[in-house]
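Chain by chain, the residues run as shown.
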Amino acid sequence: MKILVCISHVPDTTSKINFSEGDTKFDTNGVQFIINPNDEYGLTRAMWFKEKQGATVDVVNVGGPETEPTLRKALALGADGAIRVNTPALDGFAVAEQLAKVVKDGAYDLVIAGRESIDYNGGMVPGMLAGLTDANFVNTCISLEIDGTNAKAIREIDGGKETVTTALPLVIGAQKGLVEESDLRIPNMRGIMMARKKPLTVLEPIEASTETVSVKFEKPTPKGAVTLVSPDNLDELVQLLHTEAKVI
Amino acid sequence: MKPDLFEAPDYYNLDDLLTEEHKLVRNAARSWVKREVSPIIEDYAQKGAFPKHIIGGLADIGAFGPYIPEAYGGAGLDQISYGLIMQEIERGDSGIRSTASVQSSLVMYPIWKYGTEAQRKKYLPKLASGEWMGCFGLTEPDYGSNPSGMTTHFKDMGDHYLLNGAKMWISNAPFAQIAVVWAKDETGRIHGLIVERGMDGFSTPETHNKWSLRASATGELIFNNVKIPKDHILPNKSGLSAPLGCLDSARYGIAWGAIGAAMDCYDTALRYSKERMQFGKPIGQFQLQQKKLAEMITEITKAQLLTWRLGVLKNENKATSAQISMAKRNNVEMAITIAREARQILGAMGISGEYSIMRHAMNLESVITYEGTHDIHLLITGLDITGFNAFK
Ligand SMILES: Cc1cc2nc3c(=O)[nH]c(=O)nc-3n(C[C@H](O)[C@H](O)[C@H](O)COP(=O)(O)OP(=O)(O)OC[C@H]3O[C@@H](n4cnc5c(N)ncnc54)[C@H](O)[C@@H]3O)c2cc1C
Chain A
1 MKILVCISHV
11 PDTTSKINFS
21 EGDTKFDTNG
31 VQFIINPNDE
41 YGLTRAMWFK
51 EKQGATVDVV
61 NVGGPETEPT
71 LRKALALGAD
81 GAIRVNTPAL
91 DGFAVAEQLA
101 KVVKDGAYDL
111 VIAGRESIDY
121 NGGMVPGMLA
131 GLTDANFVNT
141 CISLEIDGTN
151 AKAIREIDGG
161 KETVTTALPL
171 VIGAQKGLVE
181 ESDLRIPNMR
191 GIMMARKKPL
201 TVLEPIEAST
211 ETVSVKFEKP
221 TPKGAVTLVS
231 PDNLDELVQL
241 LHTEAKVI
Chain B
1001 MKPDLFEAPD
1011 YYNLDDLLTE
1021 EHKLVRNAAR
1031 SWVKREVSPI
1041 IEDYAQKGAF
1051 PKHIIGGLAD
1061 IGAFGPYIPE
1071 AYGGAGLDQI
1081 SYGLIMQEIE
1091 RGDSGIRSTA
1101 SVQSSLVMYP
1111 IWKYGTEAQR
1121 KKYLPKLASG
1131 EWMGCFGLTE
1141 PDYGSNPSGM
1151 TTHFKDMGDH
1161 YLLNGAKMWI
1171 SNAPFAQIAV
1181 VWAKDETGRI
1191 HGLIVERGMD
1201 GFSTPETHNK
1211 WSLRASATGE
1221 LIFNNVKIPK
1231 DHILPNKSGL
1241 SAPLGCLDSA
1251 RYGIAWGAIG
1261 AAMDCYDTAL
1271 RYSKERMQFG
1281 KPIGQFQLQQ
1291 KKLAEMITEI
1301 TKAQLLTWRL
1311 GVLKNENKAT
1321 SAQISMAKRN
1331 NVEMAITIAR
1341 EARQILGAMG
1351 ISGEYSIMRH
1361 AMNLESVITY
1371 EGTHDIHLLI
1381 TGLDITGFNA
1391 FK
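Going line by line, the protein sequences match chains A and B. Here the numbering used here is used: the first residue of the first sequence is 1, the next is one more, and so on. Here the numbering used here is used: the first residue of the second sequence is 1001, the next is one more, and so on.
Among the hints, a few may not be true.
[As the list claims (entries may be wrong)] DSSO-like cross-link-like pairs, simulated, lysine-lysine; straight-line CA separation at most 30 Å: (1) Lys-1302(B) to Lys-16(A); (2) Lys-198(A) to Lys-1121(B); (3) Lys-198(A) to Lys-1023(B); (4) Lys-198(A) to Lys-1126(B).
Keep in mind that the hints were calculated from the coordinates and are not lab data. Because the structure is a prediction, the values reported are computed rather than measured.
Bound-form chain A, shown alone:
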């Protein structure tokens, strides 16, 4: 079985988010990048298929050279090879088109992408990729087993779970639950050393159309100052809720 895991290179969850160029660009200054957590759950499950069922696992990213450390980490975690499609990730459709080319050329049986990336939270790529490659699609996937060309997956649905059976070729949108947080691995030294020798192939992009353009970013309005009211002063509290907060 050939597995391709799509890896987004996203800011660490503790990063301070700022925008530059008149709030049109994300300011990467001083920001640490990590493997998108949903992708990491997927990669960890892929490693299980590699170790238990002899699958080969490649990872792919659509992005500039700055994303290579993230791919190298995926190699250190055990992926066999990495591919970077050398173009900025402009919108979900353009990324899905680039990935579709990689999936078709590599004849992958199973494609694991994160349900969404934690930076722009578009959540579109896995579905569009399944469409573009004529594959089956299971989103919000929290369990996956493969037997030959048959797949059994569990999806998280509002307030419950749904078990589905389907067949390869398959794209899944991975999330927490596919493996648990405690199953996530830390690259060990042997993995880091082996990653030095593994291939990281840079592919030039195909012509792809962007369908959306980012115009402006805004941060949520900061929380206002807290006014402390003494418990003995209920009248003042009611007054403030009425005149300042205007909630009663």
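Knowing the structure of chain A, use the given hints to seat chain B with the ligand on it.
For chain B with the ligand alone, coordinates are given in the frame of chain A:
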């Protein structure tokens, strides 16, 4: 113990000076410490026990001889990677870092540099994987800062050496399988010998009741007519410069490690100062607390720069012993000062085991003494710049 929320300070974007691989190695060690060390370390320190179960994990992140070539089971990494691993481990605890420093710089390093090919093949892979742990015996009850006076000695008995004497304050001694021991031959010249646990006449009693490095095991090495096979001597270097060469490597790692302890104290105090309310405000709004925090980050940033530069020199094989002494001395004092100030920012909470600061502060009392005391490193700088030896 509170959950470990550590965020590493990097005020001058020094990460830009690191390679992709440095960051991969550093971040792996950082994640591992958060996951495996932080949740258990307070308990082990309080009990006064070394957490042996983490030895395999330490080996996995490359804490044992990361710069030893791959052919001998090491990772073949550069000196900055070694430093970064030490920094991250000491961010967790100086005692755990001590175990890693001893294994890497005081046991693997001399076997690699001064040993025979057979010795390298026999010991290094097992030491790199943590299957065997080692210790380093230089200090004696009557000879600490002045190791050249040591009395531990060995006699050539024809087909073996006979070793007698005692070492004191030896990290890892209580559980180590092997000891690299420095002893004088009949002419008074210092040599390194590999002593294995189980040799007749060799014992390693543990030193109890330390108030510092409580999660690191310390002990004595006692040699009572121990027969040492002749192929256990390290043949390629002798004299005091042999153990001092190991100390250079370990002190270099300590210079990085101390930054880790300081970063943890600073980060904890900074977070606390934003959350702790007194007089209706977070204490971080008071100028006195800001002064402490601002000075901490300034000192940490200076130490990071100093140490990164030392790492570059070390990679180029150009770092002098005196330069290493300066960094060890500066950084450990910087860390101990920050630990004490950070402890005060936390008020009474600062003395509690809920936070790491008091443990760091106590640990650093050993770190400022071992591997050359604070005074001795100053004398090394003094000698280097004036040419006058003020040791005796
Ligand atoms: C927890 C711990 C672990 C250790 N692990 C090891 C280990 O693994 N292996 C090992 O070999 N050793 C180890 N040591 C020993 C350590 O290296 C020594 O304690 C250190 O070298 C100082 O020696 P000392 O304690 O005998 O102090 P002393 O040398 O007696 O020094 C006492 C004081 O006198 C000062 N002093 C000494 N000489 C001079 C001078 N010429 N001028 C001015 N001041 C001077 C010193 O700075 C110090 O303040 C460890 C120590 C500790 C605390």
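*Check each numbered hint from earlier against the structure, then list the numbers of those it violates in ascending order.*
Violated hints: none at all, because every hint is consistent with the structure.
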